Amino acid sequence: MLQLSPLEIKKNRTFIKVWTITFLIVFPLLIVLGLLMRLNQGEEINLGMDKFYVLMTLHGLGMAGLLFSTSFAALWYLIGTRHVKLNLGIGYLVYFLILIGVIGLAYATLLGKFGAGWYLLYPLPFKNAIWPAWSTGLSIVSLIILGVAWLLGMLHVLYVLAKEYGGLTNLLGWQYLGKKEVKKELPPIVMITTISLIPGVIAYLAGAVFLVMFLMQFFEPTLTFNMLLMKNLIFFFGHTLVNITLYCCLGWVYALLPEYTGRKWVTNKVLVYAWNATFFFIIFAYFHHLYMDFAQPLGLQYAGQLASYFSAVPATAVSMFGVITQVYHSKIKWGIVPLSFLIGVGGWAVGGFAAVIDATISVNLVFHNTMWVPGHFHTYMLGGVVLFIFGFFFYLSHTREEQEKDISGKAGFWLFVLGAHCFIATFYTGGVNSIPRRYADYKGIPIESTHLIGAFLARLAAICIIIVIIGFLIMTFAILVKLIRKRVAITEPVQNS
Amino acid sequence: MIQPASLLTIQSTSAIISFLGGALVVLVIAYLMGTSHIEEDSTSAKHKVYRLRGKYFFVLVFCAVVCLFLTLRLLPYTKFQGEPKQTVSVVAIQWDWKMKSGTFDKSPEEFVKDTAAKKEITLPANQKVRFIVTSNDVNHDFAIYNTKGVLVAQTQAMPTYKNELEYEFPEAGDYHILCLEYCGLMHSIMVGTIHVN
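Sequences listed follow chains A and P, in order. If you read the first sequence in numbering that gives the first Met the number 0, its first letter stands for residue 0, the second for the next number, and so on. If you read the second sequence in numbering that gives the first Met the number 0, its first letter stands for residue 0, the second for the next number, and so on.
Because the hints were derived from the structure by calculation, they are not lab data. Keep in mind it's a predicted model, so treat the numbers as computed, not measured. A portion of the hints provided could be inaccurate.
As the list claims (entries may be wrong) - In silico lysine-lysine, DSBU-like type, Cα no more than 30 angstroms apart, as pairs:
1) K47(P) with K263(A)
2) K10(A) with K404(A)
3) K126(A) with K112(P)
4) K268(A) with K45(P)
5) K78(P) with K117(P)
6) K112(P) with K442(A)
7) K126(A) with K105(P)
8) K332(A) with K147(P)
9) K118(P) with K105(P)
10) K161(P) with K126(A)
11) K442(A) with K16(A)
12) K9(A) with K183(A)
13) K127(P) with K117(P)
14) K147(P) with K442(A)
15) K54(P) with K268(A)
16) K99(P) with K126(A)
17) K332(A) with K161(P)
18) K263(A) with K84(A)
19) K45(P) with K50(A)
20) K54(P) with K330(A)
21) K47(P) with K442(A)
This is chain A alone, in the form it adopts within the complex:
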């Protein structure tokens, strides 16, 4: 167990408080952007196409960035207070770089009208754009700053962990596969962090490559790059970012859930095999984004479906069954923290299942870029990641007793879950009805049923988002009251027998 001085503990608490408050301010703002988009699609307001795509771009980039940053910050805090000392100076540098990047993106979108979508699919930002060129340039530079920040943070964590545990192979748990006795036990959170962050580093390097190519194109418009290569780079970066966000969250589920069940959750051979397999699935699953690019080599299309299908094996048979092993007949008290983790794992399961269905090439033929896709990743994010984050925030701000007795927090939680899953259901229903995604509205579709169903579902979704916001505000109030008035609950893991 890591020994920290009172001053170090205080500094770590302040750091995670900054992140918690940042999340609680920015997240509802980004939800409101989503609400405006759905109201526009429901023909309740008239934003105009240009503003819709600006909001879509900011919502997508903002949510992906915020959720990853918060998940990573929570991992940083738990690792930095339990296993190795991390440099908080670097932590704050990462935070401020992210802040600069976010301000740049907000400026480029809200004032510069940049609306190329989160993925800036090449060559869209450079062809017949209705926004000024400077906003494209500012977006690219802002994304580069964000990438540098995240890379710096991830590399620092990996470096310090590798030093502590004797190299990357030990961090991957390979010492458990040999016959020699394991000298230093590897906590699951450390292995999961490693397996999330290494693909993260690779993905950000890919991101850096395409952003530098974008920058070259920005300064020299006559340049052209291979479209398929750019698509591969973009989706590898984007898919991996979203994927490892969830795996970062699982790191703290593995670390914190045993404190509530009183059962150990330790690294063993099965866990090592499962998570090392996950490493490869994270890398190769992104090919399923390119199924409809028929020019993509056939072998890569097969790889996409195989990796997507078999990623379900370690995810369900090891991690989800691990959660079941933890809580089954454990006499656990369902305070809001384990509740958030269990329901979050449920969201992960449903979102993952929907993803596997869509990752079947012959199904993707009729689901690609329909509402089914945002259905799947909103289940993952809103029904999974955000619940894990709230669980972590309640863990920080509430004592065990308060977690169990906080009626208003739990009411907010259930309201949030209800609103979120009804909201998500509107996406899936849209996908089943062939409603296209990324449409400002459905007025231009000549098929009446598609237009009417799309608009109706959007109105329904808007109502659900309002329920989500109410649930969010109740939980936020419960967290902030405790967080500001009292200490942040630290981190002493319960030593289970």
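Using the hints, position chain P against chain A.
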């Protein structure tokens, strides 16, 4: 009026399977929460769950292999396509479709200026048609919606690449082409029509 044959589309089948999967997840969570007041020794509880996990593992791998075997034979790619009776060249351009019978005889830049290439085309029913799809500017997606508004096939329209999509229209009527890749301001009104007779 919905035809009985259209009830079991890929979309509705996926919806049913997903609903069942979601219901199973809810049941498992409800069971775990409902029985968690019981206290059992962790070793004994672990053995019970691990026995179930062993069976689950084999069922999951078996299902994955069967699904892969069945679905990987139904791919939309050129290698898996038959001989078409007709070929149609398609060029996407912000924010319009240009379609013409026959294979490409000119570059996409010249093709979009060809007055014979239009956003509407007439094709026969019950014959395999191969669409050769490309783009003159950014990425688009050539998506075919049938007469009932169901998405039946699609492929990306990429600059500098030609994607070949095969489809046999099963019935007469107006099919619509929507763009399913975000391509800028007017993305949602980029529409074409295929009259099938």
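Hint check results:
At roughly 16 angstroms between alpha-carbon atoms, K47(P) and K263(A) fall within 30 angstroms of each other, so this suggested pair holds. Distance restraint check for K10(A) and K404(A): the Cα-Cα separation of roughly 29 angstroms lies within the 30 angstroms cut-off, and the hinted pair is therefore satisfied. Note on K126(A) and K112(P): the hinted pairing holds, with a Cα-Cα distance of about 19 angstroms set against a maximum of 30 angstroms. A C-alpha spacing of about 16 angstroms is found between K268(A) and K45(P), which places the hinted pair at or below 30 angstroms, so the restraint holds.
Proposed proximity of K78(P) and K117(P) is supported: the alpha carbons are some 28 angstroms apart, at most 30 angstroms. Restraint check: the Cα-Cα separation between K112(P) and K442(A) comes to about 28 angstroms, which is no more than 30 angstroms; the hinted pair holds. Straight-line distance between C-alpha atoms of K126(A) and K105(P) comes to about 22 angstroms, which keeps the hinted pair within the 30 angstroms bound. Distance restraint check for K332(A) and K147(P): the Cα-Cα separation of roughly 51 angstroms exceeds the 30 angstroms cut-off, and the hinted pair is therefore not satisfied.
At most 30 angstroms may separate the alpha-carbon atoms for a hinted pair to count; K118(P) and K105(P) meet this at roughly 18 angstroms. At most 30 angstroms may separate the alpha-carbon atoms for a hinted pair to count; K161(P) and K126(A) meet this at roughly 20 angstroms. Using a Cα cut-off of 30 angstroms, the hinted pair K442(A) and K16(A) is violated, with the two alpha carbons roughly 45 angstroms apart. Restraint check for K9(A) and K183(A): satisfied, since their Cα atoms lie roughly 28 angstroms apart, inside the 30 angstroms limit.
A distance of roughly 21 angstroms separates the Cα atoms of K127(P) and K117(P); the hinted pair therefore holds under the 30 angstroms criterion. A threshold of 30 angstroms between alpha carbons decides the hint, and for K147(P) with K442(A) the separation of about 17 angstroms falls inside it, so the pair holds. Of the pairs offered as hints, the one joining K54(P) and K268(A) holds, with about 19 angstroms between alpha carbons and a cut-off of 30 angstroms not exceeded. Simply put, K99(P) and K126(A) have alpha-carbon atoms about 25 angstroms apart, close enough for the 30 angstroms limit, and the pair holds.
For the hint pairing K332(A) with K161(P), the CA-to-CA distance comes to about 59 angstroms; that exceeds 30 angstroms, so the pair is violated. Simply put, K263(A) and K84(A) have alpha-carbon atoms about 24 angstroms apart, close enough for the 30 angstroms limit, and the pair holds. For the suggested pair K45(P) and K50(A), the alpha carbons sit about 54 angstroms apart, so the restraint of at most 30 angstroms is broken. Note on K54(P) and K330(A): the hinted pairing holds, with a Cα-Cα distance of about 26 angstroms set against a maximum of 30 angstroms.
Taking the CA atoms of K47(P) and K442(A), the gap is near 55 angstroms; set against the 30 angstroms cutoff, the hint is violated.
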